[in-house]
Amino acid sequence: MAALPLTEATAAYRRAWPASFVAGGTIFGLVVLAALFGPLVAPFPYDQMDIMARMTPPDATHWLGTDEFGRDVLSRLLYGARLSLLMGLGATFVSLLVGVPLGLTAGYKGGRIDESIMRAIDLVISVPPILMGLLLLSLSTPNVWKTAFAVGIIYVPIMARLTRAVTLEIAREEFVLAARARGERLWYILAAEILPNAWPPIIVEAALRVTFAIMLGAALSFLGLGVQPPSSDWGLMIAEARPFIDTAPWVALAPGALLCITVIAVNLVGDGLREILDPRLRKGRG
Amino acid sequence: MSTEVPVLKVESLTLEYPAGGGWLRALDNVSFEIGKGRALGLVGESGSGKSTTALAVLGLLASEARIPGGRILFGGRSLLDLAAEERRLLRGERISMVFQDPFTSLNPAIQVGRQIAEPLVLHRALSDGDAAIEARRLLEEVGIPRPEDVARAYPHQLSGGMKQRALIATALACSPELLVLDEPTTALDVTIEAQILDLLERLRRDRGLSMLYITHNLGVVARICDDVCVLYAGRVVESGPTSDVLYAPKHPYTKGLLASLPRVAERQLRLAPIPGRFPDLASPPSGCIFHPRCHFVVERCKGEPPVLSGIGHAVSCWRAEELADTPWPAPEAQARGARSAAHPDAAPLVEMKDLAKQYEMGGVFDNLRFDRSGGFPLRFDPPRVRAVDGVTLDIAPGEVLGLVGESGCGKSTLGRMLVRLIEPSDGEVRILGEDFGRLSGKALHEHRRIAQIIFQNPDSSLNPRKTVGEIVARPLTLFGLARGNELDAKVAALLDLVRLPSSYASRYPHQLSGGEKQRVGIARALATEPRFIVCDEAVSALDVSVQAYVLNVLAELRDRLNVAYLFISHDLSVIAHIADRVAVMYRGAIVEEGPAAEVLKPPFHPYTEALLSAIPEVGRSPGSSAGRGRIRLRGDVVEKDGLIGGCRFQHRCPRKIGKLCETEAPPWRIASPAHRIACHIPLEDLRRADAVRLPQEA
Numbered sequence: 001m002a003a004l005p006l007t008e009a010t011a012a013y014r015r016a017w018p019a020s021f022v023a024g025g026t027i028f029g030l031v032v033l034a035a036l037f038g039p040l041v042a043p044f045p046y047d048q049m050d051i052m053a054r055m056t057p058p059d060a061t062h063w064l065g066t067d068e069f070g071r072d073v074l075s076r077l078l079y080g081a082r083l084s085l086l087m088g089l090g091a092t093f094v095s096l097l098v099g100v101p102l103g104l105t106a107g108y109k110g111g112r113i114d115e116s117i118m119r120a121i122d123l124v125i126s127v128p129p130i131l132m133g134l135l136l137l138s139l140s141t142p143n144v145w146k147t148a149f150a151v152g153i154i155y156v157p158i159m160a161r162l163t164r165a166v167t168l169e170i171a172r173e174e175f176v177l178a179a180r181a182r183g184e185r186l187w188y189i190l191a192a193e194i195l196p197n198a199w200p201p202i203i204v205e206a207a208l209r210v211t212f213a214i215m216l217g218a219a220l221s222f223l224g225l226g227v228q229p230p231s232s233d234w235g236l237m238i239a240e241a242r243p244f245i246d247t248a249p250w251v252a253l254a255p256g257a258l259l260c261i262t263v264i265a266v267n268l269v270g271d272g273l274r275e276i277l278d279p280r281l282r283k284g285r286g
Numbered sequence: 001m002s003t004e005v006p007v008l009k010v011e012s013l014t015l016e017y018p019a020g021g022g023w024l025r026a027l028d029n030v031s032f033e034i035g036k037g038r039a040l041g042l043v044g045e046s047g048s049g050k051s052t053t054a055l056a057v058l059g060l061l062a063s064e065a066r067i068p069g070g071r072i073l074f075g076g077r078s079l080l081d082l083a084a085e086e087r088r089l090l091r092g093e094r095i096s097m098v099f100q101d102p103f104t105s106l107n108p109a110i111q112v113g114r115q116i117a118e119p120l121v122l123h124r125a126l127s128d129g130d131a132a133i134e135a136r137r138l139l140e141e142v143g144i145p146r147p148e149d150v151a152r153a154y155p156h157q158l159s160g161g162m163k164q165r166a167l168i169a170t171a172l173a174c175s176p177e178l179l180v181l182d183e184p185t186t187a188l189d190v191t192i193e194a195q196i197l198d199l200l201e202r203l204r205r206d207r208g209l210s211m212l213y214i215t216h217n218l219g220v221v222a223r224i225c226d227d228v229c230v231l232y233a234g235r236v237v238e239s240g241p242t243s244d245v246l247y248a249p250k251h252p253y254t255k256g257l258l259a260s261l262p263r264v265a266e267r268q269l270r271l272a273p274i275p276g277r278f279p280d281l282a283s284p285p286s287g288c289i290f291h292p293r294c295h296f297v298v299e300r301c302k303g304e305p306p307v308l309s310g311i312g313h314a315v316s317c318w319r320a321e322e323l324a325d326t327p328w329p330a331p332e333a334q335a336r337g338a339r340s341a342a343h344p345d346a347a348p349l350v351e352m353k354d355l356a357k358q359y360e361m362g363g364v365f366d367n368l369r370f371d372r373s374g375g376f377p378l379r380f381d382p383p384r385v386r387a388v389d390g391v392t393l394d395i396a397p398g399e400v401l402g403l404v405g406e407s408g409c410g411k412s413t414l415g416r417m418l419v420r421l422i423e424p425s426d427g428e429v430r431i432l433g434e435d436f437g438r439l440s441g442k443a444l445h446e447h448r449r450i451a452q453i454i455f456q457n458p459d460s461s462l463n464p465r466k467t468v469g470e471i472v473a474r475p476l477t478l479f480g481l482a483r484g485n486e487l488d489a490k491v492a493a494l495l496d497l498v499r500l501p502s503s504y505a506s507r508y509p510h511q512l513s514g515g516e517k518q519r520v521g522i523a524r525a526l527a528t529e530p531r532f533i534v535c536d537e538a539v540s541a542l543d544v545s546v547q548a549y550v551l552n553v554l555a556e557l558r559d560r561l562n563v564a565y566l567f568i569s570h571d572l573s574v575i576a577h578i579a580d581r582v583a584v585m586y587r588g589a590i591v592e593e594g595p596a597a598e599v600l601k602p603p604f605h606p607y608t609e610a611l612l613s614a615i616p617e618v619g620r621s622p623g624s625s626a627g628r629g630r631i632r633l634r635g636d637v638v639e640k641d642g643l644i645g646g647c648r649f650q651h652r653c654p655r656k657i658g659k660l661c662e663t664e665a666p667p668w669r670i671a672s673p674a675h676r677i678a679c680h681i682p683l684e685d686l687r688r689a690d691a692v693r694l695p696q697e698a
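Same order as they appear, the protein sequences are chains A and B. Here my numbering is used: the first residue of the first sequence is 1, the next is one more, and so on. Here my numbering is used: the first residue of the second sequence is 1, the next is one more, and so on.
Think of the hints as simulated: they come from the structure by calculation, not from any bench.
Here are the simulated distance ranges between beta carbons:
1. A:Gly-29 / B:Glu-556: 55 to 61 Å
2. B:Leu-80 / A:Leu-186: 55 to 61 Å
3. A:Arg-119 / B:Arg-88: 46 to 52 Å
4. B:Asn-485 / A:Leu-97: 35 to 41 Å
5. B:Asp-280 / A:Leu-168: 34 to 40 Å
6. B:Pro-682 / A:Arg-119: 56 to 62 Å
7. B:Gly-69 / A:Leu-168: 44 to 50 Å
8. A:Leu-186 / B:Ser-407: 26 to 32 Å
9. B:Leu-80 / A:Ile-245: 56 to 62 Å
10. A:Phe-37 / B:Arg-66: 53 to 59 Å
11. A:Val-127 / B:Glu-470: 42 to 48 Å
12. B:Ile-133 / A:Leu-208: 49 to 55 Å
13. B:Arg-88 / A:Cys-260: 41 to 47 Å
14. B:Asp-149 / A:Leu-168: 30 to 36 Å
Straight-line Cα separation of at most 20 Å, EDC-like style, residue types lysine to aspartate or glutamate; simulated pairs:
15. B:Lys-442 / A:Glu-184
16. B:Lys-490 / B:Glu-529
17. B:Lys-9 / B:Glu-86
18. B:Lys-656 / B:Glu-684
19. B:Lys-490 / B:Glu-470
20. A:Lys-109 / A:Glu-184
In this text, all values refer to a predicted model and were calculated from it rather than measured experimentally. All C-beta atoms in this analysis are idealised placements derived from N, C-alpha and C, irrespective of residue type, glycine included.
With the rest of the complex left out, here is chain B (with noise of 0.2 Å):
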């Protein structure tokens, strides 16, 4: 708040998209500014305008868009009364953008180096030979090692992580002001995330860079940003610095995207979600655009829109003040600890016994070779990839079991031979007693009603022709299980079940919210009256507030339906929401496992304690202590290197103890009877993990 002009300052900005004969207002009355060597988060679910804001920003607006009112000034100059070619000549120089996925961003058919320096030839006029020279130069700034090998790659032989860092040396090739950055990390692994985020904040001191960061993550704005801007259907519900608007929010919006995180430290009970949906921005409620989603609402709300006031920290509601120190209300808690001690006598419902999965690559031509040292000439010898090594795990009934890991370390193959989805190469499953690996015809058929599976992308798992009520209803025909006037009743059964209204059922999945397909194949998945539900990434690609809710429906079909889960996830947060028992991966294999109080307190493996320190979380001390405790992974997952000895984890580990690691398998090191770690370090000094500090327990 000082005097100098701000980078940034965008002042009510308005923008409208032409929409069914009328305009659909997609921001409106936008503000906030950046100052020189800020980070602003501009935080917000999909939809609620966060990107569209972006664009505005850099002038890439699609162009049918207009912009009735407001003003964008970058170091005081009207951005939008310049020319279009003077906008494009300050996009790359002055602003640069960084977009979401790493792994569409770079141009597959050209050297990374030439598309870093690409920029520099443009804006700077430097010649082939000095750009090349440049782009060298940035590349080790972001912290790429061999940047001269990197810079000679094509985009396919590197990392997400490096990719990232990639495309952050080609935004910052001509020395912006600005930078903005929308969700750079969301594609990415937790570590991978911790390191890129570690790199902005270096960059952002270094280079005393501007930043508008936009992201859906409370936690990454907590970690990074010095204030931040709370979007809600294109209107600015809240903005402040960041340690106010996080910790003392005054927005009841505010207040419920917080209330619906689920964080490692507090294994509430049940999350508070925000009920409702998302309001048709076409024909958008009356007096504030959050009331009829709002747990405060009085009569005032419905009829005069409120107007964002306050100094520093500023917030549009009503009733700001009266509710300052009200929480979001979390739905009435039931008592977990009466059915989360899962029998552990009971015998497993599940069974895994060291079982594999290895794919060949390539196709049949691909691997056949002409052998002309004799014999039989021609050879084929795929190379083989262990997705799955030797996995052994087992699952209660009614029992939680999280299996958390990185993109690619196999969890997703081990969910879906669970369910016969992919065949194992080796090992066994057994569901309740019967080796359902080995099943076929209709005994097979019979079991596969018993282990279910419910996927990750709500517009994907549901077939677009299909009603609801016919996707829901063809599992109990299948199965004979219901049929006529029954099989309506039933439907709306299940239906209900995943609270959902029965008229839900002559619908079509596109008319559906996201949350709500994801309910649809959550109810699809019951429908056959399964013991054992796998959850492949199942909240992964929801919404905060929505996925708050689907992960309230999938605990309360546990508690009613004694239903097992396996719940796999890359989001520790989650696992640890819901989970009973947590299983640790890395490339395909086990590294810790136990009851999920126990994996998140040390004794950790490494790898366990690594991913706890990676995840941003808003509670987190944010900035200043933060850098001490910290524990960062070298480099990505090394794939592809075929058979290795030794500890799988031994090229990222921190805690590497030296040949050992190398060469032999770690051994599991019993923490108590029903937690195991493997590793070679003893359990005393993987007591010793203090590098981590999680929040007080409450």
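Isolated chain A (complex conformation) (with noise of 0.2 Å):
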């Protein structure tokens, strides 16, 4: 048999990280470190007013200029990482804790399960967004770390119905009929055989939703169920800063701006994991 060149180009790449992992990785290295240690290099406090200089353009003294009541949109920035980063982040992580593990189990054992999980479901998609969040923050006083598991959840039907889609077409491969047919328990085929090629969309989705919990936990922080004002939690940033969007827009596009590198970032990070796992990706390129 002759064998497939393996050559050191080849192989070399295989090592090598993908440019948009790095590339990725890199802004979204930095937006974390603003959320680490934005509070100690920030010129002003977050919730300093200044009526004097109340929605003055960017200038020296306010790189990023000030909002209505004259707070520093730098620092409210800067502050405002944390807690944006951690709604977006642990929403997409809980719904992703709790939705793979639904839709893989739907998806594979299919008949009775598959229609409870589905029509379980089902029954948290009829309740819109905004009502379920305030649902499940009602029940005791509200702070950032239950928004952001409210968010999660929210995002849970989402995550599950998708994870089942892959996982209907995967569990019909036949390396899944052979793991069955050698006896494997159900845990290692759902988490070794189907689970690590469902992961692309996955990853895509994921990366999305980090977006899309930022902007929700906003709307619920607008509603007082969440950060708090005078916090500076980017999504509610954009929020307050909307009536002002002729007179003084850049109030609301500081923080959209970053929000947007920041889900650049976040999708060029889900790219270069999708090609890290795939070993076809890998391949061939060099």
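Hints are included, so try docking the two chains, each in its own frame, into the full complex.
Here's what the structure looks like:
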């Protein structure tokens, strides 16, 4: 048998990390650094008002301008990074943690188990997201963690349905049948045979969910069920700046742009992760 | 070879695709011609460029392809010089195509009649009404009964054979001069394939159609083509009249292909596969492209590429003349007789008794019905389908039981019940005397070691995220058969069993060829040291030369390890080659069972007889005398008609004797102690199965 040439170039390529992963990772790393050390480097406290300098455009003192209360936008962004990341990543993590196993089980087991899980999930979907959030959060005093958790729960149906759809396809593959034929346990088939092949669409969806989670978190905060003013969550900042979008666009644009950059970074990391996890994509580009 | 202008003439066609910065030469100097009313078979294995050639003729190539040289002449007009719009008008009107898969080639949302009428409206500017009438006439011409009903039907309501007929009708709509057929019968059952081939033969005669017939199946070529052109890696290696090329092949590749074919009449010990793998077209070997795999290679082959030469029967090989009478060498034969006399006294390894599987159709909510006749108003009463219906069979240790039948006959369900991938609804499976069907927990887990399964599709049977080593090692760790350093050694030993180098352990499935993947699947099944393996269409997805290799590996393993196989296949030639005993299945039940040599000879069950007769095989008399002795089954397998009385083959049986067949289940006729046939026709009459003419036994 002629061997498929595993050339030096291919081997080196396989060791190298995909560019998207490195680029996304770097940007995301900076955002995380801002979240960790932001309060230390911020030029002003996030809640320090300056009535004399309300809605000033960006200048030397206030690099990104000030908002309607004269608070420094840059400082608020730096302070807000922590809350926003917590909201976006925490909620996505919760939705993955609950949704993926549910979807795997429903898709693989089928029949009544599938039917029960999916009908339960329909029940969750039937309640509008904001109302669902209100329901979950009205049970106790709101705080950021609870809001992140609630947003995560709201996104469970999406994750579960997506995972189920992918699983349905993979469960028919012959390598899954082979695993069943040698008597593998349920958890092994789900975790070791199906899940590694189901990741790609799930990762893409999860990267998207981070954004939606930040925005939904902001909406809940706006209703007083999450980040409490004068805290400076990015989503809340955008929501609060909406009335002044004509007169002081920078107040909304700055957090918007940062949110956008973060989302792109998360998506790049997701893409890179997909490539790292998939041996087929690792090969043959060199 | 007349002086008139050929319908299609391809001259030195070269075609390239961009690949990794350079150009990959998919076709190199391909030439052939098709005269009026003639059929040319374009044969080759996957990747040989046969479909690319068809797409080039039709002008349907992907836009990145480029044609640096050559001409395609259609009735003297150069197709490559035409504008895209002109080619579009030609397509469907004067050149038509029939694609491989009838199941996806029709639009499921449009009625069949309208799909056939479409080209008539487009090219002939017929009114909708006239086109509909013409569509019905076309359906009739392609042998569809009740064309009015079929024209109104949607594709899912038709069987595979009917869909392919409808597609042929679509292709014929504008009376084209050239019909391009890309593997039109590959997705169909052999009895349906025979019907379609008959239809094509008739159309060619009646309409004077020219055909470019693309296939990997040499038997089909022998059956319907006048000329044949053998492609290998985008090069024509041999071309000429079918009878010359297939019965006196000159090129080593053609010889190898023919030697790889399993045949019903010659149950030889080992097939003669072509070693090596398909060349990488991005960096093709120097000289003759076939030289790395050729048995007869000499220095000259490595340096200079040979030229296609010869009038009529042309061949591209330096040594064609001197090797004219040398066949492709067969691997050294081992005595089969010694082992194939499977110990008849030994206790059976696997026993199936009245094994049955019923499926309920539809989901939970589809079958809830409100019953207004009183009592509890909700009723759950789903329609049931009997996939397997009372099968009783034994398999002895080290025996190969071939299970043959058409798609949907329940053979895969049966195989899967034997390894408990599907739970039987009735009957029992005993393995080594234990009631396997009722084991659970630890006992079941232990027993799964004994019974393993190999699947059909090499692309789906290996987890793409795991290395070959991980895949083969998993059963070993699962059953605690090896760990640590021992594990690597065992994996290497298993890979060696299926003749793969141990370095393959670090590869991922996508880096292997189809045959190699299938061998990894075999290694994985062997890891648990099973006594019994279900081979579910294990070689059906492979090219013939690779199929021969895998069949040889399986046969060798049986001899060395004394494993028993249930070998499931739709291909009677493969079954005849490898099986010691054969069971023929039709609609969920066994209709004939016995030693291979006896099942393949009269007396036959009428279904077995029809199957044998339908196989297009090289070596059967082509053309002339074929028509008389051939048996054709009417229609397709009838589905969804619940429980039937009488013989399950009655609807299609060419030898049905009357009312008896409709009312009473046929008795077992005992042809010999080990050979039984379920039929109402007495044995003496079954013996007079003179309709099938098998070639002389070797």
